[in-house]
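In order, the protein sequences belong to chains A and B. So the mapping is simple: our numbering equals the position in the first sequence, first residue as 1, plus 1159. So the mapping is simple: our numbering equals the position in the second sequence, first residue as 1, plus 12.
Heads up, some of the hints might be wrong.
Computed list of lysine to aspartate or glutamate pairs in EDC-like fashion (alpha-carbon distance at most 20 Å, straight line) [said to hold, decoys possible]:
no. : chain 1 : residue 1 : chain 2 : residue 2
1   : A       : K1217     : B       : E53
2   : B       : K58       : A       : E1216
3   : A       : K1347     : A       : E1216
4   : A       : K1347     : A       : D1461
5   : B       : K87       : A       : D1461
6   : A       : K1315     : A       : D1461
7   : A       : K1217     : B       : E48
In short, the hints are calculated from the structure, not lab data.
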Amino acid sequence: MRTYDVTVIGGGPAGLAAALSAHGEGAKTLLVEREARLGGILKQCIHDGFGLVRFQEKLTGPEYAQRFILRFQQAGISCAVQTFVTRAERAGEGFDVTLVNRDGVGTIRTKTLVLATGCRERTAKQVSIHGTRPAGVFTAGTAQHFTNLLGQLPTKKCVILGSGDIGLIMARRLTLEGAQVLGVYEAKPTPSGLTRNIHQCLHDYGIPLYLSHTVTRVLGAGRLTAVEVAQVDGSMRPIPGTEEVVECDGLILSVGLIPENELAQSLGVELDPKTKGPVCDGQLMTSVDGVFSCGNALHVNDLVDYVSESGELAGRNAARYAAAPRRTVPIRPSPALLYAVPQRLDLDRDNSETALYFRSREVLDGCVLRVRADGREVFSKRYPFLRPPEIERLNVDFSRFGLHEGSEIELDIEVTEHG
Amino acid sequence: MDELVCIVCPRGCTLSAEREGDTIRVTGNGCKRGAEFARMELTAPKRTLCTTVRTTIPGVPVLPVKVSAEIPKEKIFPVMAAINAATVDRPVAMGGVVLENVLGLGVDVVAASALLDG
């Protein structure tokens, strides 16, 4: 049986960064990717804006991915493409991983695992839209795959449900290719995507955004012929009497992304109900010793730069992993926060430069993030505004706060200015 | 006074721009790129353009491309039409030119993917 120090599952930006950093630490590393080409979802994200933080350049998705793929290939790291992981289970000090590919079924043994399995789109089934089951209902990612990789336009006249970034990007993309985008309908009273995307993808092309609206029904037998839209109330329930039928041949869904953690769950990894990714410490180790998480499997990121950063952190710590009992303290976000990552700190590890990510629950004007350790304020940062779609990243030196077994860290946001 | 949202980076600052004679005073920007963006946006708005071009190469129906520099906003659809009229019939490496000086705008359409790298 082949053995490795670190096995990375997923060859997107998180997995590539994890494999590179594990290899850089001297670990014998294997990267497993189910598709034929490395790069993950970046392969189909042909728009630019990637890499502003890391490279101070506006790159397209394929260009950003290629920078890592080149380094990965030059490093000579072992890689299994068109290979699917069907099982991972604890074996001795490490894990046995069952792989399936064109050569058949095989097993490798690894000391540590880095789960870089990305996220999945929420589908029509998960947002309960009534009506028939015609062709023409696509997730934004599927529409993107058709348009950007296969060169086939999936719709001529469409409605987009949900204002997530991929939906906004696709509104512009389909318009550029000659399709008519009748509008973006968002059930929430505020947009889900980045403000700049509302401007450069919708306003630039005169595409209307209908907030507090949703699609209530799809119509059509073979192919979609129309959708019914309606206004929704404060609890996102359709308001009777506001229904309107919009003729279209396509419904594009951009209604959220969910971290993919089926494999993590099969290993007994504890998930955070807020992020839907694993509960991790500052080294991105999950609740299962030797299993690490990064990228969109950990939490849905809006910048690939942060995905790469988390991959590097997980890969490096997987390479340095040595079994030891853990003493951890929790990081608890208040209800003013949507979530925070990491969810805890390991007292016996270096916590002097912890990358802390958080999202606010609501759109806020002037406010302050406060970090308290055992009730004492130890850190604060002022923000001119916070918006849930835009993640915030901080470096916090937790080693100065006198943390000990039984300590608790709390995060809270205090609004100082009302808009 | 004009209110704009900066699209230079994901921060998306809300900018206020006020014309004072020949100059435009910008506030609300988190960095100097925001001020440049606002001035450009009010005088000669420019955008980048990313799309795909058809190829005849097996297994690669389309190749991602982009313009080598921003183009005037009103030229987006004319440049799209020029790109959609073109077909790539030999490998173009990432960064390689697909359409030179498109529509005489002084920018090239270049490959933005390594799909056809040797």
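Below or equal to 20 Å on CA atoms is what counts here, so check K1217 (chain A) against E53 (chain B). Measuring from Cα to Cα gives roughly 19 Å; hence the hint holds.
Would the hint linking K1347 (chain A) and D1461 (chain A) be met if the CA-CA limit is 20 Å? Holds. K1347 (chain A) to D1461 (chain A) sits at ~19 Å (cutoff 20 Å).
Has the given pair, K1217 (chain A) with E48 (chain B), been kept, meaning a C-alpha gap of at most 20 Å? holds (16 Å)
Taking only the CA atoms, is the gap from K87 (chain B) to D1461 (chain A) under or equal to 20 Å? This hinted pair is violated, its Cα atoms lying about 29 Å apart.
For the pair we were handed, K1347 (chain A) and E1216 (chain A), check the Cα-Cα distance against 20 Å. violated (33 Å)
Assess, step by step, whether the Cα of K58 (chain B) is no farther than 20 Å from the Cα of E1216 (chain A), and give holds or violated. holds (17 Å)
Would you check the hint for K1315 (chain A) and D1461 (chain A), treating anything up to 20 Å between C-alpha atoms as holding? Violated. K1315 (chain A) to D1461 (chain A) sits at ~28 Å, over the 20 Å cutoff.
This entry does not satisfy hints 3, 5, 6, going by the numbered hints stated previously.
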